[in-house]
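Taken in sequence, the protein lines are chains A, B, C and D.
Take 1 as the starting number for the first sequence in full-length UniProt numbering and just add one per residue.
Take 1 as the starting number for the second sequence in full-length UniProt numbering and just add one per residue.
Take 1 as the starting number for the third sequence in full-length UniProt numbering and just add one per residue.
Take 1 as the starting number for the fourth sequence in full-length UniProt numbering and just add one per residue.
To be clear, the hints were calculated from the coordinates, so they are not data collected in a lab.
Possibly wrong hints are sitting among the right ones.
The list cannot tell twin chains apart, which means a pair is met if one copy fits it or any two copies do.
[What the hints assert, rightly or not] Calculated cross-link-like contacts (lysine to any residue; reagent style SDA-like; alpha-carbon spacing at most 20 Å):
| id | residue 1 | residue 2 |
| --- | --- | --- |
| 1 | 67 | 219 |
| 2 | 204 | 275 |
| 3 | 204 | 277 |
| 4 | 204 | 190 |
| 5 | 163 | 59 |
| 6 | 224 | 63 |
| 7 | 204 | 341 |
| 8 | 79 | 1 |
| 9 | 204 | 188 |
| 10 | 67 | 164 |
| 11 | 204 | 86 |
| 12 | 163 | 115 |
| 13 | 204 | 112 |
| 14 | 163 | 259 |
| 15 | 224 | 83 |
| 16 | 204 | 301 |
| 17 | 204 | 223 |
| 18 | 224 | 341 |
| 19 | 204 | 90 |
| 20 | 224 | 109 |
Values in this document were obtained by computation on a predicted structure and should not be read as measured data.
Number of protein chains: 4
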Amino acid sequence: MIRAAVVGANGYAGAELVRILSGHPDVELTAITSRQYAGNAFDSIYPALSTVIDLNFIDNDTETISKAADVVFLALPHKASMGMAPALLDAGLRVVDLSADFRFHNQAAYEAHYQPHSCADRLPQAVYGLCEVYGQQVAGADLIGNPGCYPTSVLLPLLPVVKAGLIDPATIIADCKSGVSGAGRGATATTHFCHVNESFKPYKVGGHRHTPEIEEKLSDCAGKPVRITFTPHLVPMTRGMQSSIYATLAPGVDAAQVRSCLEAAYAGRPFVRLLPDGRWPDTLNVKGTNFCDIGWAVDPGTGRLILLSAIDNLVKGAAGQAVQNMNLMVGLTETVGLDAVPFPL
Amino acid sequence: MIRAAVVGANGYAGAELVRILSGHPDVELTAITSRQYAGNAFDSIYPALSTVIDLNFIDNDTETISKAADVVFLALPHKASMGMAPALLDAGLRVVDLSADFRFHNQAAYEAHYQPHSCADRLPQAVYGLCEVYGQQVAGADLIGNPGCYPTSVLLPLLPVVKAGLIDPATIIADCKSGVSGAGRGATATTHFCHVNESFKPYKVGGHRHTPEIEEKLSDCAGKPVRITFTPHLVPMTRGMQSSIYATLAPGVDAAQVRSCLEAAYAGRPFVRLLPDGRWPDTLNVKGTNFCDIGWAVDPGTGRLILLSAIDNLVKGAAGQAVQNMNLMVGLTETVGLDAVPFPL
Amino acid sequence: MIRAAVVGANGYAGAELVRILSGHPDVELTAITSRQYAGNAFDSIYPALSTVIDLNFIDNDTETISKAADVVFLALPHKASMGMAPALLDAGLRVVDLSADFRFHNQAAYEAHYQPHSCADRLPQAVYGLCEVYGQQVAGADLIGNPGCYPTSVLLPLLPVVKAGLIDPATIIADCKSGVSGAGRGATATTHFCHVNESFKPYKVGGHRHTPEIEEKLSDCAGKPVRITFTPHLVPMTRGMQSSIYATLAPGVDAAQVRSCLEAAYAGRPFVRLLPDGRWPDTLNVKGTNFCDIGWAVDPGTGRLILLSAIDNLVKGAAGQAVQNMNLMVGLTETVGLDAVPFPL
Amino acid sequence: MIRAAVVGANGYAGAELVRILSGHPDVELTAITSRQYAGNAFDSIYPALSTVIDLNFIDNDTETISKAADVVFLALPHKASMGMAPALLDAGLRVVDLSADFRFHNQAAYEAHYQPHSCADRLPQAVYGLCEVYGQQVAGADLIGNPGCYPTSVLLPLLPVVKAGLIDPATIIADCKSGVSGAGRGATATTHFCHVNESFKPYKVGGHRHTPEIEEKLSDCAGKPVRITFTPHLVPMTRGMQSSIYATLAPGVDAAQVRSCLEAAYAGRPFVRLLPDGRWPDTLNVKGTNFCDIGWAVDPGTGRLILLSAIDNLVKGAAGQAVQNMNLMVGLTETVGLDAVPFPL
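All chains, full assembly: derive it from the sequences and hints.
Laid out in structure tokens, this is it:
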């Protein structure tokens, strides 16, 4: 049994980790932490888990966690994560960090969009945990920068076609839409039911911090600097993320080549589902699952490629992918603990 | 391995049975049927299950089913069920029927609200599958009338206090609310998004057919005829059912006695969660689970008892309870296949 | 032109008053106040009104308001209202108070559920502004206690049948449901989209402060003390309130007498719509309007009366009724400013 | 008084026309038609309008309509409209057609995406009723092709910047999102609450018939053929449409020039609201109104222009713009009947 701890288990991604890990057959969930709720029962915050999860939050104490766990999931805001990770790594734990703190190889890019990095010396050892792409590096890693939800939904459909040179990377536009759980558990004007219901809107236009994260991975892959346009939008629903990605095809490339490319990239990868022609991703079909559904079309009028994806922002976009990373790190089958049968509706 | 078949697997309750049974460790799902979709893949109707459920619908053929399965779940409209059940029973299968056809012991009551019964001779052998109340009879049964969703949500909180004589059964009023999945998969004016969204409304006031079902079980329990007032309402959400039940307490009875009574009735029953004082059921906390959450209060001004419950209408109100019945029928632990960790949100 | 001011115009009821009053042909909206947003434009909080409402919030200053307005609407929390009302009245303004501070004639009942009353000497002059019932007193009043949303939805269907002796007032149970805007503009755990969506739940069971308000008016009407059971519930929608009210009919009373009674009570009252037999109120049909739709049935099994109503909690349950009260106070036609054609969906 | 008729008043756009026209001070609504509901009261289909609209549907009879009305609104599916329009025009009526039948000047483009045109000789006299752009031609027209909802939301922000040469028209991508009312009143798998709720999805990718409509107007404006990429998506809400439009800026153009261009184009146009920098359109802010809110940003990483708009698909995207067209045709102030104060939420 792997002993696991979740730091910041009161947030939505943390709570989702608690859900997945407590149902994981090879994991014992030994500690959950929360500064705000230390001493309280998990189910006092998430009563759905009453009688199922019998754990109290403890404080975010590095030493206690180090003794209790082999793997630790940091579900903290960025900056808080990099404050805790070094001590946990030094104590021999494997760390899966859900913040942005270890997602960048380029320290300057991180610092331009977040803040000064307090343990930049750890960045080289961190692996970007987009499992279907960087799975081999994940297997040997002790520190994972778990991808952002938007980057996951954009990079999975995009990276193989960029790598294969099927599109012109200078033309990429990602129009992305997220359910409200992506805004977190904080009660704000943004998350008030009456402001979300019957509302659809873009936000942080031209300025979301997932842009440089996506760009770094695309640039690595393209072998040259890639800048994209990325616009996030808020959808009146709890879970789910859908991305519609536009790019100009390289000369002579057609839809069949896109299919071949994606099929080759994701052959045998259980969490990526490539849809048949004429079917497109729907967030309802991936709700509560670790799937990323991918569809596409070549626009007949302009010849542009339209790549479409859907994930559950809290699962494949956060906690599910984090557990998938843990599975790969410790040598388990990738799907264990993540293979519940999806709800039909 | 138990071989199971789901008849009418295209409807919502049937699809939910497919979900639960395909994740059940002791079950092999061998056949799913649908008149309308025979020959089509299950995931053509429920694409969420793509790559997970690799079954095609077959026609509702009694002989084929009899050969393929040990237990059959009939997720059909009433009338259709009683047309199929006898042959399946004669072939030695155990039958869990989700329609109303085998829920009544009183043939006249059934016929007054539904239609003439075509195999009333089977009614005596049918057990009303409200597991926490009739579990012992379920264990020896080969034909289960799986309770309606409203009756489940009303009877679980109510039967113990009626049996214990804590309330006056002549005063019972059940004000119940259901999500839209209770109306089924049919596209109608009732289920159109634009008619449901921002709409809350009662329906079938004074005339819903779950009334006599509830009354028969209450009467059995009270030892005298009981008539209740029951009003269903439609809530703009997909899953969930909440019931608020009012009754006059017997002289001298207080809230503590209600707690003792319910605790005694449901001690060791894993799917009933009795909430602490001052906490009340919320459909969000039971979504996707087989739980029935129960809370209550004594109204300080009038001394009336208010019993409150919440279930997922498709799980404890339909498919989950059906599988729970199967578990009891074949001697499995009650919870097997139904113990996924709930979603925190 | 009547000069009107809205105090507390940043809250939902206040903002709805701004909407209605700025479209009112006989009103000039001269001042809107907000402690929190003084100096800011109204449309910085409610951008839907951009280019339409060109007013800045000012501070809640009694003197300024007194000079600017003939009628003032207090859309403040209780306690704050009674701190402002006396000075405004003394300055000769008419006051419509949307808090609970002037709804009770019985000071002790108010103080038992709220706090000590700081100007109880004003209570005798205050009129309870349920327009269809107390319209004559409203016409001569200078201080209105505008009814709560739940009391409006419960009293309109109930008062006539209580007054006519058609039901036993000791048996009244009101099961009521509200959209989220009733919880106000504050961002809290209760109003977070992810906690409301797919959630239906009771709250404040046996303890909501609208109970004594309803009871006082019923008692006045019945000529004896009446206690009721009242349970509020939260519905995942923005606007709307539906009440299902149960009571035992007096001997010999039938549904036709209920219709006659209600028709007589509301003849010529434009905002009460009595539905035909077999049709029941739906919040969608009153959204954005000042209507109260009322339906009913006699439960065939128990002979109980079921009264059903629907209102928009922010209009007939708050701002709309407040303007209706103003119309009556100043001698305008009751419907002026409140007669926009409803949205079909 | 202008006598107006609505043909196809049972559909959502037709019902919205009934709402607006019956509140219009200069209009008498003399006839509403519906093949399916002829003889029934309007409020039997739309009970929200009970006691407000006292009209029965009549059959779609050209002669009756011609006698009853001066202006007729055709809220019919395409093909049906062109079957009725000629006779109505010949009888001297002004016709505002909400279908696609008279939106195209290029008959071949229409026929490539719809069907053979039965009265193509009328196309030259038809004016495309995008009021803020083609208002002068509208004023003299007797036949209006009322724009589609998507084209309205795309063309209003886009046409001025195309006309001014600020962007490269070959690079336009429109990612658009619609509420469910856009799918119409028909009960289908697409509009079932349980398939829409918690679902966000693209549809008709690369194949929506609003594409050629948008392209024709852009091409006219650019003076050369323009092809665009347009992807529609379905949002779990009733009303609202949001478009995010991407294009490469012409060399040297910046955000300030975009603002100048749009301000010049829409100076004095009451229904277009240009948002300040850093604010973006939200469907909630235009719900129930004839506004088109427009915002934009220049993406700092790529220099691309992002134009953003929001409308109510049933108002500015259909019925509201149709009435605005009528106002212009008959010489009324553009806003009359369309100037209700918006709801703050």
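Structure-based check of each hint:
{"no.": "1", "hint": "67 - 219", "in the structure": "neither (40 Å within a copy, 58 Å between copies)"}
{"no.": "2", "hint": "204 - 275", "in the structure": "between (30 Å within a copy, 15 Å between copies)"}
{"no.": "3", "hint": "204 - 277", "in the structure": "between (33 Å within a copy, 12 Å between copies)"}
{"no.": "4", "hint": "204 - 190", "in the structure": "within (13 Å within a copy, 26 Å between copies)"}
{"no.": "5", "hint": "163 - 59", "in the structure": "neither (44 Å within a copy, 47 Å between copies)"}
{"no.": "6", "hint": "224 - 63", "in the structure": "neither (43 Å within a copy, 65 Å between copies)"}
{"no.": "7", "hint": "204 - 341", "in the structure": "neither (35 Å within a copy, 29 Å between copies)"}
{"no.": "8", "hint": "79 - 1", "in the structure": "neither (31 Å within a copy, 51 Å between copies)"}
{"no.": "9", "hint": "204 - 188", "in the structure": "within (16 Å within a copy, 23 Å between copies)"}
{"no.": "10", "hint": "67 - 164", "in the structure": "neither (46 Å within a copy, 51 Å between copies)"}
{"no.": "11", "hint": "204 - 86", "in the structure": "neither (32 Å within a copy, 47 Å between copies)"}
{"no.": "12", "hint": "163 - 115", "in the structure": "neither (31 Å within a copy, 43 Å between copies)"}
{"no.": "13", "hint": "204 - 112", "in the structure": "within (16 Å within a copy, 39 Å between copies)"}
{"no.": "14", "hint": "163 - 259", "in the structure": "within (14 Å within a copy, 38 Å between copies)"}
{"no.": "15", "hint": "224 - 83", "in the structure": "neither (32 Å within a copy, 58 Å between copies)"}
{"no.": "16", "hint": "204 - 301", "in the structure": "between (30 Å within a copy, 14 Å between copies)"}
{"no.": "17", "hint": "204 - 223", "in the structure": "neither (28 Å within a copy, 34 Å between copies)"}
{"no.": "18", "hint": "224 - 341", "in the structure": "neither (41 Å within a copy, 45 Å between copies)"}
{"no.": "19", "hint": "204 - 90", "in the structure": "neither (37 Å within a copy, 50 Å between copies)"}
{"no.": "20", "hint": "224 - 109", "in the structure": "within (15 Å within a copy, 42 Å between copies)"}
Of the numbered hints listed earlier, those contradicted by the structure are 1, 5, 6, 7, 8, 10, 11, 12, 15, 17, 18 and 19.
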